[in-house]
Every structure is written in structure tokens, then in C-alpha cells.
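**Q** For the protein sequence lines, the chains are A and B, in the order given. With the first letter of the first sequence counted as 1, position 192 gets the number 192 in this note's numbering; the numbers rise by one all the way through. Residues are numbered in this note's numbering as their position in the second sequence, beginning at 1, plus a constant of 1000.
Heads up, a few of these hints could be off.
Just so you have them, the derived chain B footprint on chain A, three or more residues with Cβ under 8 Å [unchecked claim]:
1) 66-72
2) 210-218
No more than 16 Å apart at the CA atoms, straight line, and that leaves these computed lysine to aspartate or glutamate pairs for EDC-like [stated by the list, open to error]:
3) K188/A <-> D1076/B
4) K188/A <-> E1080/B
5) K1288/B <-> D96/A
Simulated from the structure, these hints should not be mistaken for lab results. Where a beta carbon is used, it is the ideal one built from N, C-alpha and C, also for glycine.
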Amino acid sequence: MNSRIRPALAAIALVAAAGAVLCTGAPPAHAQQLTGAGATFPYPIYSKWFDVYHEKTSVAINYQSIGSGAGIQQVKSGTVDFGASDAAISDAALKDMPRRVVHIPTVGGAVVLAYNLPGFDGRIQLTPELVAGIYLGDITTWNDKRIVAANPGVTMPAAPILAVHRSDGSGTTNIFTLYLSSVSSRWKDVAGAATSVSWPSGVGGKGNDGVAGVVKQTPGAIGYVELAYAKQNQLPMAFVRNKAGKYVEPSAASVTAAMTGVAAQLAKDVRTPIVNSPAADAWPISGLTFLIVYQDAKDAARGLALARFLDWAIHDGQQYASALEYAQLPEAIVKVNEGTLKLLTAGGKKLMATANP
Amino acid sequence: MSAGAPTRATAFVASRAPSRDESRRFSADDAFALALRIASLAVLAAVLLLVWQTLRGAAPALHAYGPAFLTGTAWDPVAERFGALPYVVGTLVTSAIALLLAVPFGIGAAVFLSEIAPPRTGAVISFMIELLASIPSIVYGLWGVFVLAPFLRTLVEPWLIKHLGFLPLFQGFPFGLGILPAGLVLAIMVVPTVTSVSREILRALPDSLRGAALALGATRAEAIGVTLDAARPGILGAVILALGRALGETMAVTMLIGNTNHMSWSLLAPGATMASVIANEFTEAVGKLHLAALFEVALVLFVVTLIVNAVARLIVMTATGGRRDVAGAA
């Protein structure tokens, strides 16, 4: 072969190898492209991360936000390097995975209760019992004496309550129903917790925008949406009483507080729900979102690139969270993640030992 | 067909082992016929593949629930109990509302356009009506949520509750989302189908028909009655097409129906359709049985569509008494 065209051909082959795993010769030392799929909830922060990381390291990460369930399916069939899910994988589903996977929590998020009460500009306080009562269909008007009791000095309007939920399966619903199940044994019996449940009452809207649309359009409606969504759309949000007995305003900082409150349990099993955290300033309806990765990578170069990215995301990446209304990981959870990353291997060989960022 | 088939078959065999003499018999016509046959078989294959894939996906649910799936009213992904009855009912009721409203308006508009309106006016109006058909369904959904729902909530539904509230159909609270709003948007979405197909059928009728009726001393209304009678099978065909669209419509319905699997007699209450539950839950269905149950809903939707179409065709056949010579006989 002509020696002058050989470097060009090699370069083309390298790109092709990274792109489509069509590599036939020696594998490239560094994978330049990774693929992932899954949750839509963390998509804004992930795409920010991928942009910044690409500029920094020239590793391109292609992420499809197709939903947590579909993302896990893709991990299972091995079509992506990593998956993303708002709901931790259950023990039963973990057994279904072809190989061992690990959960890396990346950021936290708050699920908030947005409402529409025209002409009302006070602050609404809800206890856990009230939130459950509204969604169970027990409390049907805003001036119900139980709501009035939680809002001393405020005149509640006599409007009927329309409880709005997500009609599509969603990690947001998972966090919200985990919360309801943890504060109400009746809820646990009637509906339970999952990405979609059998709602005892109310109407469903598709997506955050669907729920927000119904809430905005219907006087008396209350619905749960992600914090970022409620903030961007300037929806009024209810204060909710947390486990410590304090009425808390939803914010990224109060989600970080919630994580700190259950850090010990998270250290044992990172999949532990962080709802109803005992911390004093914790927002009770909080959740983590995870990246799902095979513990043992099939391809050493890709495994290494992924491990390095994860290491970056849980450290340097955290600074981008709060601008997008996501909650940063507290130091304790970063430590847990560092421990998990040390377990990552490729062909049985430790990855992070060779990593030298 | 029966006379032509053997020759074509031999020609096909010959084309695979061509001898100098026989190859000449595989003419351009035969190639054309073969191409057409492949095209129609490809469509058939796509349908069969669809059925097979859906069946395969639904297999775990078919095993687990059996026929009780059709009569079950629970839909609980946590306890893995699934029944499709609320969705089947929701689909049929919303489609019925849509047809009930769209058919009189659609046929009325078609008669006006083909029999009464001056040609230029007719062209403008029919263009506008056909424009309705090209609006994406998500736009209908958004319009439904932001315009129709508030209108229904503040004006129509309170009126219905006040004056017709003694009927179980109109009881409840006016939220602007539910079976009735979904049916209304569906009606608007299927009007163009009814109108444009009916209009084409009326226009295809010979003018001698109208002339003869008028010559016999019929009034204009009676003459239109005669043309409508002649066009009946074709118009029924238009209604079937509209029904097909209403049964399968997903996006706009999902945005307006309120999405709950609780069944209610009230048209003002929220509900769900087969298409809407699939659209809602498919992407995040993690459980094996949950996913399979959604596949089975798709299968049921497929079967319901098939049954509705078969029944409608039967109606057309009885209506025409087996006549096949009338314009637009399906």
C-alpha cells in the first residue's frame, strides 16, 4: 500500500471504529464516542455535561432521552454504553440483567405541587396527610377544615380541588408515589409506588407540560411537576411539612439537604429512596436520578472513557446543576460514588486504577 | 384472473431458467404484473408482521390473564393486575360521540358543496374543510386544552349540568377535560373525511339523476333526497373511514380525555382510550407484564377496529341490497 495514504486511511479507520465498533485491527487507545439512552428528567443537565465534556476532552457522548424504561431495555440488550433512569432498578429486574450493573446517582431533583387558585396570593402549606388525602380523593375542596387547620390566618377559597397527575409513566410519578407510600399506609395499599400507578381519583396530563397545562387552565387544580418546570413557568408551589415538622419551600438546596439526611442508608444501598428525609431543611418529595453502567465493561477503551466521564460528572460536573434547578450531590454521596467507580472493571481489570485524569 | 394465472405462472418459472425461445414470452406486461403483485404482497406481509409482533409482545399477558383481560377494570402496574374494559369503552364512546356530531354536519356540508353552493364558493369552502384534515393532531390537542376546555368548563358544561343534570350522562363537575371534550375534538378531526369523501361521491352521480327528479316535479329538497339515496353506500363508506380515524386517534385524545381508568356514566368525567393508554405508558413500562398488557391493548384495538369495519361493511351491503353498480360502493 502507498505509504502516503496510509495515515489518512488509519485516521478514517479510527473514526469508523469509534463510531460503529467496526474495528478490526488493534483497538484505539481512547474511545472518542460513547452512547447512552434513558431518562428524560435529567436530559437538560446531561446535555450540558456532554457539551462541556466534549469541549474539554473531545469525547463525544450521544444521548437519547427515550424514557427510563426504554433506557434500561437498551442497557439490557447492550446497544448503549450506559443507561439513565429516574427509578432505581428493583432487585428482581437486576437479576434479569445479563451482567452485573451499578447505579451512579448523578443529581437530585424535587417534585413540587403546583396549584391554581385565582385571586389567592398567600402561601399554601400542606401536611403529608393532606397531600395523600387530596390524591386519594378524600379532600375535595380547598376550604376543607383539614386544609384550613394547616393554614392558620389564611382564608382558603371554596373552590373544588382537581388533583392532576402524570398520565404517562414517569420517574416524577415514581418519586411522588414513593413519597405518598412512605407517608400514608392507605396510599401504599390503594396505589403503591411505581412509574405509573392506578390513581384513585383526579385527572392525568401527559408530561410535565400536560400536567402544568391542566393546572394552569383549571381553577382549583393542583398537580405535581418537576421543580425546574414549575420555576420556568412561574407556577405557585405549595410548602410541604417535612419529617422534621418544618414547612419547607421546594428548592435545589433543600433536595441536597434531603440527600444528606439519608446519606448513611445511601452508603449501604445507593438505590434507597430519599423521600421523606429526616434532615431539618429537607424537601420531602425528592429523588435521585441514576446512570446505569455494567460493572465490567466489554470494551476496555470504552469502559475507561465512561469511567473517566462519570468521575468528572460527580465532581466537576456538579457545578452546573443548580443553574438548571437540579440538586448537587452532597460530599457524602460523592464519596459513595467514588467507591462505586473503583469497582468498575474491564475484562476483570480495574479501570480507575489506570485512570489518570 | 383464473384464465390469466397459469400463463403468468409459467412465465415466472421460465424467467428463472430462460431458454432463448421461452424468454421472449416474459413480456413487459408480465414484468409489470409481477411488480404489482410484489407491491400488494409487501403490504400484506407488513400487516401479518404487525399482527405477529403484537401477538408475540402480548403473549405473557395473554397467558397471565386470559379472557378476563377484556372484562377487567383494574389497571394497576404496581400489583400487576391489568384489565382493558375501561379503555375499550372509552374508545367506543368517544368515537360514537365524534360520529354522532360529525356525520350530520359532514354530510350537510357535502350536500351544500355539491348541490347548492355556487362552484367558486364551494371550491373555497371545501378547500377550508380539507385544510382541517391536514392540521397535525397535536395542534388539535393544544387547541383543545387551551381553547375548547376552558370554553366547555365555563359555559357548556355548567349549562349541561344545570339543565340535563338529571341524566347520569351529564352529572359531575365541569373540569373541561373528559370523554365529552375528547369526543368533540375527534368530531372536528373527522368532519373533513366525511365531507370530502361524501362530496366526491355526490359529484360522481350523473346529472341526469337530478334532472329526472326535477322533471318529475320533485322539489329541490326531494331531488337532493334522491341523490342522497343513490349515494348512500358511498356515504356510509365515508363514515367508516371517519370511524377508523376516530378509533385510532391518539395525541389529541390523550391531551383532553383526562386519562383515568375509572369508568363513569358521565360524559363529563375523565376516561381513557386504548390508543391513549399505550401512548401514555409504553415508554416507561418497566415491568414485563405491564409491557405485555400494553401490547395486548394494541391487539384488542386491532381486533375492535377489524370488527367495527366488518360490521360497517355489512351495513353497507344490506343498505345497498348487494348493489355494486352505485357510485362509491365499498
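**Q** If a hint holds in the structure, say so; if it doesn't, say that too.
**A** The hints, checked one at a time:
no.: 1; hint: 66-72; in the structure: holds (count 6)
no.: 2; hint: 210-218; in the structure: holds (count 5)
no.: 3; hint: K188/A <-> D1076/B; in the structure: holds, 12 Å
no.: 4; hint: K188/A <-> E1080/B; in the structure: holds, 15 Å
no.: 5; hint: K1288/B <-> D96/A; in the structure: holds, 11 Å
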